[in-house]
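There are 2 protein chains.
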Amino acid sequence: MSKLTDVPKRILIGRALRSDRLGETLLPKRIALPVFASDPLSSVAYAPGEVLLVLSIAGASAYTFSPWIAAAVVILMFTVVASYRQNVHAYPSGGGDYEVANTNLGPKAGLTVASALLVDYVLTVAVSISSGVENLGSAVHFVIEHKVLCAIGIIVLLTLMNLRGVKESGKLFAIPTYVFVTGVFAMIAWGAFKGVVLDRTMQAPTADFTIRPEHEGIAGFALVFLLLRAFSSGCAALTGVEAISNGVPAFRKPKSRNAATTLLLMGALAVTMFCGIIGLAMATHVKMAEKPAHDLLHDGVPVGPDYVQDPVISQVAAAVFGDGTFFFVVLAAATALVLFLAANTAYNGFPLLGSILAQDRYLPRQLHTRGDRLAFSNGIVLLAGAAILLVWIYDADSTKLIQLYIVGVFVSFTLSQTGMVRHWNRLLRTQHDPARRRHMIRSRAINAFGAFFTGLVLIVVLVTKFTHGAWVALLGMAIFFVTMTAIRKHYDRVARELAAPEGPSDDSIRPARVHSIVLVSKIHRPTLRAVAYAKLMRSDKLEALSINVDPAETKALTEEWERRGINVPLKVLDSPYREITRPVVDYVKSLRRESPRDVVSVIIPEYVVGRWYEHLLHNQSALRLKGRLLFTPGVMVTSVPYQLRSSEVAKERAKKHQDWNAPGSVRRGLVETGPKRPSGRGEPNGKE
Amino acid sequence: MSKLTDVPKRILIGRALRSDRLGETLLPKRIALPVFASDPLSSVAYAPGEVLLVLSIAGASAYTFSPWIAAAVVILMFTVVASYRQNVHAYPSGGGDYEVANTNLGPKAGLTVASALLVDYVLTVAVSISSGVENLGSAVHFVIEHKVLCAIGIIVLLTLMNLRGVKESGKLFAIPTYVFVTGVFAMIAWGAFKGVVLDRTMQAPTADFTIRPEHEGIAGFALVFLLLRAFSSGCAALTGVEAISNGVPAFRKPKSRNAATTLLLMGALAVTMFCGIIGLAMATHVKMAEKPAHDLLHDGVPVGPDYVQDPVISQVAAAVFGDGTFFFVVLAAATALVLFLAANTAYNGFPLLGSILAQDRYLPRQLHTRGDRLAFSNGIVLLAGAAILLVWIYDADSTKLIQLYIVGVFVSFTLSQTGMVRHWNRLLRTQHDPARRRHMIRSRAINAFGAFFTGLVLIVVLVTKFTHGAWVALLGMAIFFVTMTAIRKHYDRVARELAAPEGPSDDSIRPARVHSIVLVSKIHRPTLRAVAYAKLMRSDKLEALSINVDPAETKALTEEWERRGINVPLKVLDSPYREITRPVVDYVKSLRRESPRDVVSVIIPEYVVGRWYEHLLHNQSALRLKGRLLFTPGVMVTSVPYQLRSSEVAKERAKKHQDWNAPGSVRRGLVETGPKRPSGRGEPNGKE
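Order-wise, the sequence lines are chains A and B.
Mapping to UniProt numbering: the first sequence position 274 is 274, numbers consecutive.
Mapping to UniProt numbering: the second sequence position 424 is 424, numbers consecutive.
To be clear, the hints were calculated from the coordinates, so they are not data collected in a lab.
A couple of the hints might just be wrong.
Where chains are identical, the list cannot tell them apart; a pair therefore holds if satisfied intra-copy or between any two copies.
[Stated by the list, open to error] Listed next, the in silico DSS-like pairs over lysine-lysine satisfying Cα-Cα at most 30 angstroms (straight line):
#1 Lys171 x Lys29
#2 Lys108 x Lys541
#3 Lys589 x Lys29
#4 Lys555 x Lys194
#5 Lys194 x Lys626
#6 Lys194 x Lys253
#7 Lys253 x Lys108
#8 Lys489 x Lys522
#9 Lys171 x Lys541
#10 Lys171 x Lys147
#11 Lys522 x Lys626
#12 Lys147 x Lys522
#13 Lys541 x Lys194
#14 Lys29 x Lys541
#15 Lys589 x Lys555
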């Protein structure tokens, strides 16, 4: 089965796995960390800069507030991590925020969280790619000069990779993530060593610049508002924290404990890196401005529109390692790579969430089947299209995109934590063991604080960012919400209409006899086969039917029919408009009118070709006829295929498609809901 | 049936017609002339200018050759008209050049003509629209400033009109064509009267300009080449002459005589207008240059890139009527309108030729059925796309586009006339009546001269225009030729593979028993109906089959199956990869392996919805499964549809589509090949 062309793929991504063998791919913590944490860890590449940017509105002097903001972000991070450790223990099936909110707060809350997460995935791609391009641009100038083009190019590349079915690989994530983390820690350590022990001054490239404050001497309420806005931006560091709670099934046993440990580790790494970078930025006098061309002054003169403001992490690296040095370039490359991997996580998360939503009938049902290539493809293309649109509208500017980013995250944080409080309340009602009750009450307290704090942050984010772009994210959420509600309504309506009535069977669907019709256009092998099959079916009445479009052809047909002695009567219908479909449909209807309890079985000979362009050349009228007949009551439509030699091509292609690996298989892990190993099931109604 | 929304359409385009009632719409000569001649008549709007443009290369003094070139075009026109009058009499079925070449010179020649005509239709659209925009631009300056945009806009408009199924209406063509012809004749008459009788001098807007010749003092071979090139350009006036020979069936009786008369009338009108405009251009000292910005001098200074060179017809109208006067604007508008109508004729001709080619299996068979909306739509979109591409590449510059135009026309002229010579030769072999023989010999002489002359012009065109763009047209022809040859080869191969062997029936297609399988995913009305229908079919074996994707759901299903006492055994297959398609296909294959002579009948319950977005939500796995099963030998695939309430919507839509009017219905006329009124046909093999 394995063809020569498959070998490179097999080498790259390994063999396709049966679902009952997925257990072998469970992730150890050292691999799970990079798989799930590339998104939150990579956000330290842009979050510190965003804090400084907002503060710069009040001038460089406001930078003195940055440690306080960093402290607030740290507290928030630990609150969220502590909260999600409770989720991980309570929902080891990896339901994630959607499941928690859906179960505990009802379907509307669940759907809100789902909408927020879908928007979030789009923004993860847009923000991570934009920031990655900016970081890469600090080392390679071509990239920054064609920023939008490069960003869109990388999105397209990721999309193609995922459409081809690149399997998410733990190792693929591990190396760049560890290089990045090691690099940042090395930078922090070396910077601290140089600064404190060697007492050398380190100068960021922008150290000599001054900032023209947009608002001179901000104080009172305005200052508080500004600080809150800076804090909101810093919260970008928290995006993606919830990923682990979705991925518990992918961990090795004990799953929940390992996931909780990984969560804590990730939180510790993220805050250390975040604070380290802010600290180094202060020490090396990095200057960032919202509108650098105008507000950033060099010797009192604005730097002008040609100035490119590099990310904080790259400016700090330039100060510590030296601009353009080996370590500088390695760190820039690792940063960019981790950011691209972070974007790739959305390509895995989006279809996964889609399949869960499809299971709950909020999205088309075919998204539910894992490994359904077409369905995943649609999701991936939708994700990529939306991300490209955002990147294009916002000029691949991570600062602008981040304004949209944080709303969705905190909507799901808040609702998920509120749901967890309800969860504990429910459990506490039936739990009487005091030790367990104490444990639950403690968990509830943590989640309650988490809900309160993240809710507060959500309000802060909404207030400070609404006009800066948060409304776009809310609009996106509303669109998803409305669409999914409509889809669910449709499915519910159809389900009601389809519901089988009780009792052995409904009288209206108990037919009397079958009248079979074989459609004939020419006498060739497919027709003969269809006639032979039709005879086998022993229906109550059998006739062949031909539509007279060209009298000469029809005459030849009837003569050959007689000559060959095919013992099935051939009926010829005239078609005054030279149509095929209408006369057949009208004839079927007339049969039904004559004997309404009869079923009409229309048998269509078809020949099957293999290539898409061959399809264009054949069977178009058969296809259209089948389409129309489906709308006619009391009809069965039977295709009798005749496989031409070229159909082998299509068979090969179909086989290949089946071996495709759906994105997200690693992070989804093993456990499907329901009992394990559902194999060897018998037939309840007797077996032949 | 007629809904309220249909009323405006019915008023505008009349009732849909049965094919045996088409006779009522046959065209009188006064309507047939504008319908078929809008293309050749409208070409006098650009052909005279093209002649002057080429001559200007040798300076304004070369304009003195223009009467000679006009004379050559007149002789050619009458040769072609005389030749085609023979075609019209010989082929009253309206076969046109393709049929003539195909019948008399063989399929390769026929296909060459067809390719040439297809390219020609594309260029008719591109040239006519570009020239129309230029003429409109002489009155409305906005149009000329956004020339490409306007040209593409009008193509899109025409395309949408034709896609909606605007019926070609004789009256629609009659009014603007007659206004245009009357206007041009009035201009010529008034100009002659003013010039000769009143002896007033008329000055074209460019009368004071001088031309800087690109080549000073051209003589000898170079001069001959230039004159031939100018003549080639003038031949643009002949495009579309063959249209009448395609449209003979649309004329009132006596068809051939009426068509021949109309042809003569058209030729006479065209040459009079052509010569009149050239004459007026000489009298009013019109100056045209190939590169006006550089070669057109005003007081010795080049007019520069902002100068817009108006078409000759509009400059002459400005001289005779006065620039911006009522008559000037009316003539400009009528000219533009006639040119747009000329473009529209391609929208009618392209799908018509397509349907003839499809009949000969050079194009996908579904193009053959008249009134097949989808097929015509594809042709129209292809035509429009190619024309837009040309307009865009060539900046909607009619002068550049004309370089491509004339090749195709003269390829089909030459081959058609050569074919006619063969036609007469063949007839003469069996004809012994001396009077008729004389007549045929005379016709043959005319066609032979036509073939010789148009062949000569073809060589001239190829030699003088090849590097100027004729190669593009040849390339287009080659692409059409190769594609159509490949399609024909494919159909021939399939036909050989499908051909039924002689003898009552082939053993390999005589099956033994039927094993029926009803696919069950849930117990709802569609499932119950499918089971009930399957039972009716009395196959040798019947079982229900369910794929276990979710064990909990499967358990519920088997329990309900038992509880309801459905007396068909239910088999459950496990799906380790959570797929639907593969287990079913594998199971069917295993059945076939066990008893290879059995036929497996797979019965799929489907529910039918009405709106396209509802389709996305349902039956996707059923569709894919059906697709896969078609590639499995020895299988019949039966859909048992269950119509949901919303399916009514789709039924209504399908009815509307059927009432659609295919483009080209007027010019195609009544006669289909084969006997008339093929109604009331009986059933040869007995009737039940």
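Here is how each hint holds up against the structure:
no.	hint	in the structure
1	Lys171 x Lys29	within (12 angstroms within a copy, 81 angstroms between copies)
2	Lys108 x Lys541	neither (54 angstroms within a copy, 48 angstroms between copies)
3	Lys589 x Lys29	neither (66 angstroms within a copy, 44 angstroms between copies)
4	Lys555 x Lys194	neither (99 angstroms within a copy, 68 angstroms between copies)
5	Lys194 x Lys626	neither (78 angstroms within a copy, 70 angstroms between copies)
6	Lys194 x Lys253	neither (43 angstroms within a copy, 104 angstroms between copies)
7	Lys253 x Lys108	neither (34 angstroms within a copy, 74 angstroms between copies)
8	Lys489 x Lys522	between (46 angstroms within a copy, 19 angstroms between copies)
9	Lys171 x Lys541	neither (65 angstroms within a copy, 52 angstroms between copies)
10	Lys171 x Lys147	within (29 angstroms within a copy, 57 angstroms between copies)
11	Lys522 x Lys626	both (18 angstroms within a copy, 24 angstroms between copies)
12	Lys147 x Lys522	neither (61 angstroms within a copy, 52 angstroms between copies)
13	Lys541 x Lys194	neither (96 angstroms within a copy, 85 angstroms between copies)
14	Lys29 x Lys541	neither (68 angstroms within a copy, 54 angstroms between copies)
15	Lys589 x Lys555	within (26 angstroms within a copy, 40 angstroms between copies)
Of the numbered hints stated above, those contradicted by the structure are hints 2, 3, 4, 5, 6, 7, 9, 12, 13 and 14, listed in ascending order.
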